[in-house]
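**Q** Numbering of the sequence shown is given in numbering that gives the first Met the number 0, commencing with residue 0 and proceeding in unit increments.
What the hints contain is simulated information worked out from the structure, not anything from laboratory work.
Ideal Cβ positions, reconstructed from N, Cα and C, are used throughout, including at glycine.
DSS-like cross-link-like pairs, simulated, lysine-lysine; straight-line CA separation at most 30 Å:
#1 K516 - K493
#2 K556 - K530
#3 K556 - K493
Distance ranges between label pairs, derived from CB positions:
#4 G538 - E700: 23 to 29 Å
#5 K493 - P432: 39 to 45 Å
#6 P492 - G195: 42 to 48 Å
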Amino acid sequence: MLHRRLIASAAVLAASVAFLPGAAHAADPAPNAGQALAPRDWEPSGAKTFTSPAAESHRMPKAAALAAQAPAAPAAGTGRTIYTTVAENCAADHGTGAQATPFCNLQHAVDAAAPGDTVLVAATVNSNQQTSSSAESVTIRTSGLTITGTVNRPAVSAYGDLAGKPALVLDGVSDVKITNLQLNAAMDATAVVVKGSTRVTLDSGHVRSNPEGSGISVDGASSAVKVTRTYVSSASWSTSADTSISVAAGAKDVTLAGNLLAGSRIAATGVQGLNVTGNTLQRGCAGALSVDGASTGVSVRNNLVVESPTLTCGAGQAPVQVSAEAAAGTTADHNDFALASDTAGPYAWAGTLHPTLDAFRTATGQGAHDTLEAVRPQGVGTGIDVGVAYALQPGSTAIGSADQSAPGALTTDFFGSGPMTDRGAVKYLSTNPTLSVALTATNSSAYGITLKTNVTTRPVSQYAYVYWGDSTADSFNSVGSQPVQISGTHVYPKLGDYTVTVVLTDNDGNTVSNAVKVSTLGSQYTAYGPKRLLDSRDGTGVPAKGRIAPYGTVKLKIGGANGIPANATAAVLNVTVTNPTAGGHITAYPHGGAQPTTSNVNYQAGQTVPNLVMVPIGTDGYVDLYNGGWGPTDLIADITGYFTPAPAAGYASSDPRRLVDTRDGTGAPRAQVAGRSSIPVRIGSGVTAVALNVTVTNPREDGHLIVYPSGQAVPTASNVNFKAGQTIANAVVVPVGADGSIRVFNGAWAGTDVIVDVVGYYRTDTAAAFIPVDPERLLDTRDPALWKGALPLAGRYYAYLPLTTRTDIPAFVFNTTVTNTRDDGHLSVAADPNTLDNYKNKNPYSVSAPATSSLNWKRGDTVPNLVQVLSTHGIVDFFNESDGNIDLIVDIFGYYQNG
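Whenever a hint applies, use it, and build me the whole structure from the sequences.
**A** The structure is reproduced here in structure tokens:
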């Protein structure tokens with residue numbers, strides 16, 4: 000048995016005397032001895048799991064991996080870094096280019112840049128695990144820029160209304176480098192246009208062409224243009240006659256190296272200096288490479304030319320075609336051909352088709368080291384490399400046979416691995432062909448997620464970076480040759496959607512990436528109304544006017560109606576029962592969920608009983624209100640706010656504090672609030688809404704109270720309904736007016752005393768977010784499973800309820816009900832100053848009931864009320880401030896959690 004005393008101050012005694020006969024007295028807490036000390040972690044019941052399977056892993060170019068490892072740093076240049084996160088819907092770009100407020104439109108970032116600046120482009124991942132794309136056509140007219148995409152390869156797509164326009168135009172610029180972007184062409188358009196520009200590099204990107212258009216076009220006024228390590232794909236590569244890269248007459252010093260081409264060709268006409276080196280060219284119907292016009296200085300070296308065995312067109316054409324005008328200025332060697340069985344021959348040179356390599360060598364003196372591939376390369380993985388057979392297989396003649404001194408030859412391959420000694424764009428890697436990572440993320444708290452990975456790898460050491468999507472990252476290393484274990488919890492600074500990206504690299508240089516979009520679980524509060532959503536007396540919110548039938552349910556639309564967002568997660572409702580013909584209770588719960596055994600409003604025949612409810616909203620936007628009574632009743636529901644999973648107002652819990660008591664002049668004149676009049680209550684600045692307990696006492700007539708924001712007209716929604724002479728309390732959450740005040744209106748025709756106690760505030764500068772839980776009964780003094788001995792709570796005693804050992808839960812939301820009351824009184828609820836160890840060691844501090852009340856009753860009443868209570872050490876006290884026994888019921892409906 001624990002021996003501690005409840006010490007009541009003079010202020011507490013005075014407040015108690017004002018409410019009920021008899022004074023509070025010191026109590027032996029023996030009735031608490033049977034209470035089980037079983038706090039919980041309160042893992043969120045609504046936690047979601049987000050996954051991206053190993054099949055979504057894709058190999059990354061090393062340039063992208065390096066950009067990922069330093070996402071906030073300039074890739075090059077000497078000036079500023081301008082940030083943009085491309086978005087699918089960017090009708091109004093409110094960004095500034097700063098890291099905290101990036102542009103959502105790449106054109107705006109480019110326009111804001113000056114020579115020497117770096118534009119860092121990020122992207123998110125949508126619910127389908129697809130990288131977000133900006134719908135725009137971007138033109139660069141500023142020289143000296145570096146434009147770098149981060150790990151998820153941000154996309155610019157000239158789709159929809161942009162038909163006929165390129166995704167990117169480089170117009171008269173010099174010294175511009177563009178890395179790791181995806182550029183998608185509109186129908187009948189070229190994806191990337193280079194005109195009148197010099198010293199321009201496109202590296203480690205993905206360019207997607209459409210029928211009747213090119214992937215990349217270089218005009219005749221451009222020079223020193225490089226396209227390297229870029230995947231250029233066609234929309235219909237298996238039957239395509241598209242041109243991946245076109246170089247116009249007059250262009251000078253163009254290098255195309257280390258690229259993957261899917262189902263299309265390179266076409267050059269009249270070029271003066273062209274290096275086609277180390278590419279994997281998977282031809283389409285028009286071949287893989289054509290050089291026409293009076294072209295000079297053309298070198299075709301180290302390429303892997305692939306034909307699909309199922310190619311249905313162009314069988315009579317050679318994959319490499321050089322016109323008579325261009326033949327004298329073109330050399331070819333060290334190329335490897337994986338031809339289909341019906342291909343006419345590898346080369347058509349100077350207008351002559353050569354059916355074999357020997358015939359080609361004999362006739363032209365070219366191709367001394369060219370080979371026919373005996374082991375076809377294979378396509379592997381997903382992502383950037385899908386559709387191209389680039390992976391060299393054991394025994395391939397391309398392995399180790401490249402001319403490393405060829406003009407334009409790269410030292411590393413398409414993925415950044417080196418040294419590059421093989422033909423084609425991708426180095427032969429036999430070391431880790433199955434390297435992949437699967438991602439699973441689960442909500443762990445209001446702001447946190449837990450990430451787990453499953454890495455598939457051969458026995459070789461690896462390291463990984465995890466980019467959480469909020470400009471923070473963590474690194475992990477494997478132990479020896481075991482798969483790297485990535486497991487940890489991350490807490491986000493704000494509620495919202497984030498993209499978690501994992502970049503995994505082994506010690507052979509293989510790099511893969513996978514990403515998953517996650518959403519935080521917590522919700523923050525938006526003040527609303529008050530507004531009446533349901534009144535069965537006049538047909539508001541119900542199909543037909545009339546009482547709710549016994550054991551009937553009202554389906555009330557909240558999310559997606561009346562200007563409330565469709566993603567609202569919970570609603571704050573004042574639910575009032577009136578005109579019931581028999582006793583019963585009301586249970587509020589999300590539509591589509593199981594009906595809980597808890598109750599929100601308990602009533603007797605003929606009573607008018609209100610109670611505040613915080614109820615989760617079903618996924619379809621509806622809430623169910625169930626009448627658990629023997630007879631029909633009228634039902635009213637007024638909304639004062641809602642929660643959404645986005646930054647809004649967090650909850651700042653507080654020790655209960657009295658703001659107004661008209662009986663003694665606290666916070667208002669010492670006089671009853673006259674009938675049909677109101678009093679102001681000062682709350683303070685910076686407060687969006689305030690959580691109160693409002694009590695009516697000594698009313699001279701039947702009536703109601705309405706609590707509403709200062710500066711607004713008196714709404715029709717009521718908060719407390721009362722009978723003459725009754726003392727009754729109700730929880731209230733009310734928006735605060737622009738002047739930092741609220742008003743309390745007495746709707747009766749005669750005066751009443753009003754008491755207002757504050758229990759918490761909603762503020763935009765506060766982090767605590769709401770987590771609704773499946774309603775659960777935690778304490779019931781009538782139930783031996785929840786209260787040892789099923790003994791009532793004696794007068795002037797208190798029950799302490801251990802709830803959690805977590806330090807990030809500042810407050811809980813309960814519905815408290817008293818029944819079988821043996822004397823008039825009130826219930827006070829407050830945080831216990833003790834820790835759980837104090838109780839376990841039988842050495843608790845003395846506790847005092849606060850000078851506030853949470854609910855009031857007359858002998859024999861059954862009274863419920865919502866309670867939001869501070870949780871200093873995870874323990875909450877419930878004080879029976881009467882001289883008689885009561886039964887106490889406590890149901891939990893949610894809690895607040897800090898970031």
